[in-house]
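> Let chain A serve as the given structure and place chain B on it in line with the hints.
Chain by chain, the residues run as shown.
Protein chains: 2
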Amino acid sequence: MKDKNQGRRSDIIEKIKQRSKEELNPQKLANELLAGDKNALASSVTLIESVKDSDSVIAAEVLRHILPHSGNSLRIGITGSPGAGKSTFIEAFGMFLLKLGKKVAVLAVDPSSESGKGSILGDKTRMNDLAAHPDSFIRPSPSSGNSGGVARKTRECIFLCEAAGFDTILIETVGVGQSETAVKSMVDVFLLLSIAGAGDELQGIKRGIMEMADIVLVNKADGDNLNRSKAAKSDIQRALHLFPPSDSGWIPLSLLCSSINSTGLEEVWNSIEKFESQLKTTAYFKQNRENQSKWWLKESIQEKLLNDFNQHPAIKKEKKILEKKVQAGELSVSEASERLVQLYKSK
Amino acid sequence: MKDKNQGRRSDIIEKIKQRSKEELNPQKLANELLAGDKNALASSVTLIESVKDSDSVIAAEVLRHILPHSGNSLRIGITGSPGAGKSTFIEAFGMFLLKLGKKVAVLAVDPSSESGKGSILGDKTRMNDLAAHPDSFIRPSPSSGNSGGVARKTRECIFLCEAAGFDTILIETVGVGQSETAVKSMVDVFLLLSIAGAGDELQGIKRGIMEMADIVLVNKADGDNLNRSKAAKSDIQRALHLFPPSDSGWIPLSLLCSSINSTGLEEVWNSIEKFESQLKTTAYFKQNRENQSKWWLKESIQEKLLNDFNQHPAIKKEKKILEKKVQAGELSVSEASERLVQLYKSK
Numbered sequence: 063m064k065d066k067n068q069g070r071r072s073d074i075i076e077k078i079k080q081r082s083k084e085e086l087n088p089q090k091l092a093n094e095l096l097a098g099d100k101n102a103l104a105s106s107v108t109l110i111e112s113v114k115d116s117d118s119v120i121a122a123e124v125l126r127h128i129l130p131h132s133g134n135s136l137r138i139g140i141t142g143s144p145g146a147g148k149s150t151f152i153e154a155f156g157m158f159l160l161k162l163g164k165k166v167a168v169l170a171v172d173p174s175s176e177s178g179k180g181s182i183l184g185d186k187t188r189m190n191d192l193a194a195h196p197d198s199f200i201r202p203s204p205s206s207g208n209s210g211g212v213a214r215k216t217r218e219c220i221f222l223c224e225a226a227g228f229d230t231i232l233i234e235t236v237g238v239g240q241s242e243t244a245v246k247s248m249v250d251v252f253l254l255l256s257i258a259g260a261g262d263e264l265q266g267i268k269r270g271i272m273e274m275a276d277i278v279l280v281n282k283a284d285g286d287n288l289n290r291s292k293a294a295k296s297d298i299q300r301a302l303h304l305f306p307p308s309d310s311g312w313i314p315l316s317l318l319c320s321s322i323n324s325t326g327l328e329e330v331w332n333s334i335e336k337f338e339s340q341l342k343t344t345a346y347f348k349q350n351r352e353n354q355s356k357w358w359l360k361e362s363i364q365e366k367l368l369n370d371f372n373q374h375p376a377i378k379k380e381k382k383i384l385e386k387k388v389q390a391g392e393l394s395v396s397e398a399s400e401r402l403v404q405l406y407k408s409k
Numbered sequence: 063m064k065d066k067n068q069g070r071r072s073d074i075i076e077k078i079k080q081r082s083k084e085e086l087n088p089q090k091l092a093n094e095l096l097a098g099d100k101n102a103l104a105s106s107v108t109l110i111e112s113v114k115d116s117d118s119v120i121a122a123e124v125l126r127h128i129l130p131h132s133g134n135s136l137r138i139g140i141t142g143s144p145g146a147g148k149s150t151f152i153e154a155f156g157m158f159l160l161k162l163g164k165k166v167a168v169l170a171v172d173p174s175s176e177s178g179k180g181s182i183l184g185d186k187t188r189m190n191d192l193a194a195h196p197d198s199f200i201r202p203s204p205s206s207g208n209s210g211g212v213a214r215k216t217r218e219c220i221f222l223c224e225a226a227g228f229d230t231i232l233i234e235t236v237g238v239g240q241s242e243t244a245v246k247s248m249v250d251v252f253l254l255l256s257i258a259g260a261g262d263e264l265q266g267i268k269r270g271i272m273e274m275a276d277i278v279l280v281n282k283a284d285g286d287n288l289n290r291s292k293a294a295k296s297d298i299q300r301a302l303h304l305f306p307p308s309d310s311g312w313i314p315l316s317l318l319c320s321s322i323n324s325t326g327l328e329e330v331w332n333s334i335e336k337f338e339s340q341l342k343t344t345a346y347f348k349q350n351r352e353n354q355s356k357w358w359l360k361e362s363i364q365e366k367l368l369n370d371f372n373q374h375p376a377i378k379k380e381k382k383i384l385e386k387k388v389q390a391g392e393l394s395v396s397e398a399s400e401r402l403v404q405l406y407k408s409k
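Protein sequences appear in the order of chains A and B.
Per my numbering, the very first residue in the first sequence carries number 63; after that it's consecutive.
Per my numbering, the very first residue in the second sequence carries number 63; after that it's consecutive.
Watch out, some of these pointers could steer you wrong.
Which copy is meant is left open, because identical chains are indistinguishable; a pair holds if it fits in one copy or across any two.
DSS-like cross-link-like pairs, simulated, lysine-lysine; straight-line CA separation at most 30 Å [claimed, not checked]:
1. 360 to 409
2. 246 to 161
3. 114 to 409
4. 382 to 407
5. 366 to 386
6. 342 to 409
7. 336 to 348
8. 379 to 360
Since the hints were made in silico from the structure, they are not lab data.
Nothing here was measured: the structure is a model prediction, and the numbers come from that model.
The following block holds chain A by itself, in its conformation from the complex:
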C-alpha cells in the first residue's frame, strides 16, 4: 500500500516537473489553491513534503501567499493504537461531517513511516466513500524525513487545506512515539480512540497519551461488544477523573461509538462543538493557537540549531569521547557541555 502511495506521489512530482515554468509559478499555484482547486492543493502538499531543495523554495513561496488566508477551520487530532479502528472511524465520522455540509480534510502524522513499519492512512480502500466525495481531501503521511520535520510539514499542510476552503481538518496519528505531542500542538481538540479489552483498554498506547485527550472514544461499541464497551467507558471515565482538569478548564469526556453502525457520531460531534464553544468563550481557543505558534517557532529554532551543532564533524568526535567520560564519572555533565559549546562557538 505504501509503495502504491509513494508511486502516486512520484507521479505527481513528475507531473509538476513536466509543467512549464509558467505553471510552476508559486503565485499561480497559490491562486488556484485559494480558489479551491484540489489538484493545486495536492501539488502544493507534495511540494511541502518534498525533500528536494528546489521544491522547498517553491513550497515556501506558496506558503507565503496562502498563510494570510489560513486559520479558518476546526483542527481535530485523532490518536489510538493500531486495532482501535482509526481508519473506519475517520471514514464514518468524515461522512457524517460531510452530511452536515462540512468540507473535510484528513491528514496524518506517522512516526513509523520512516522506519519502514508501514504507514497509516495508506489503506484508502477503507475510506472509499470519503475519498470519492468532492468536498473531502485525504492525504497519507509523508514517508520521509525525521519525526519532528514530518510533523512540521503536516502543520503546514493544515494551512494549505484551510486556505483551500476546508473547514474541518482531521489529523490522524498513532499512539506510539513522540508524534502525539507534535499533533497535540497543532490541533484545537484531541480525541483518543480506544476499544474495550480485558483490563488493558489502552494497551499499546504510550504512557501519557490518555492525559492529553480532550475526549476518549470507546470505538466498536456494537453487538456482543456493547456491554464490555460500556464497562470500559466507565473505567476510563474513572481514570480521567483521577487527572486534574487541563489548562483549558475542559473536563475530559469518555464516549461510546460504533464506526460500523455509525452510532454515537452525533454525540461525538456535539461534544466537540461544546468544547469549541466553551474554549472560544474563555478566549483559550485563540490563546492556544498563539501558544502553538510560539511553540513551533521555538521547536524549529531548537531543531535547526541542534542539528547544526550535532552534525559538526569536530563536535561529533569530541562528544563521543566526553560522553564516555561522563558515564565513567571522570567528567561532570556541566564541564562536558561547556567544553562542547565553546568548541562549537570557536568554529
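Here is chain B on its own, set in the frame of chain A:
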C-alpha cells in the same frame, strides 16, 4: 522559613569566604568529604548551589575529585501534591531506614522556590528526629536559578552525598511544573505520594505524573481515613492497570501507609528492594543510569546553546519581530527560524 534557610546559607558562604585559601583548597575539601565529614559535605553543596562564578570554579574542582567515588546509593524520588504529607512521610521513612542501618540523605528540587511561593523542606521542624541523627543529611532546595539549573545542581549534590558515604538518597519534589521529569531522570525509583479524597485523589498533581510513578503510596491511611484510603488504593491500582508497563518491565504498585503511625513503611521498603533487585537482574538499572547521563549531557548542551542564542541582543530583537509575524500568518515558522539561526551563525 525560607528566609531563615537563606540566612543559614549566607552564613555558610560567609564562613567559607573567611577561611584561608589553604582551607578552600578543593582537593582538601574533597578529601574531607570523602572521609565522611558532614561539614565538608554541607560546604560543598553550598558551593555547588552558589551562583557566584568564583564559587562555581571551586565547586567544579571538588566535583572532579569526588565523581569517581559517587554512584553507590539507591536514589529514590518522592513527589506528591502539597497536603499529601511528604515531609512527615520522609521523616517517618527516613527514621525507618536509619534503623535498618542506612545512611540517609534528603535533597529537594523545588520549582516554586524561584517564584517566591515558599520552598519545600524549608520546614525542618517537621523533621526533627531525622535532622538530628548523625547518619542523616538534610538539605532544602536551593532558592535561586532556573528550574533546569536547580535540578542539575541537585543531581550533582546526589554525587556529593554518595561520595560522603550516604547509601540511600531521597529526592523530594512537588507535583507541579517541569521538575518531575528532571527528578525522574536522576533517580532509580520514583514514588508518588497521594491521599484519599472524594474522587480527586490526585488533585493538584500535574497531568502525566502518575504514569511516571513506580510505586504510588496512599498516605494518611489511618483512623477514620483507613477505609477511604483502601478504596483510593483500589482506584489507583485500577488506573495504573490502564497504563502499559514502563520500559523497565516493572508493573507499578499501589500501597497504603501512615506516616503518623509508621505503618506500611516496611512494605514500601520491601517493594523498593524488590524493584531494585528486579531491575538489577535485567541490567536495566545500570542502563537507566547511563541513559540518564546521556540525557543530562544532551539537556545541558541544549540549555547552554539555547541560552547563548536567546541572550544574543540582535537575536532577541529580531525574534520578537518574527514571532509577531508568525502569529499573524505573515511568515512561516520554517522561514522565521531559518532566518534567526543564520543570523546567529553570522555573529
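> Each hint needs a verdict: does it hold in this structure or not?
Here's how the hints hold up against the structure:
no. : hint       : verdict
1   : 360 to 409 : both (24 Å within a copy, 20 Å between copies)
2   : 246 to 161 : within (27 Å within a copy, 48 Å between copies)
3   : 114 to 409 : both (28 Å within a copy, 28 Å between copies)
4   : 382 to 407 : both (18 Å within a copy, 24 Å between copies)
5   : 366 to 386 : both (25 Å within a copy, 20 Å between copies)
6   : 342 to 409 : neither (49 Å within a copy, 43 Å between copies)
7   : 336 to 348 : within (16 Å within a copy, 49 Å between copies)
8   : 379 to 360 : both (27 Å within a copy, 15 Å between copies)
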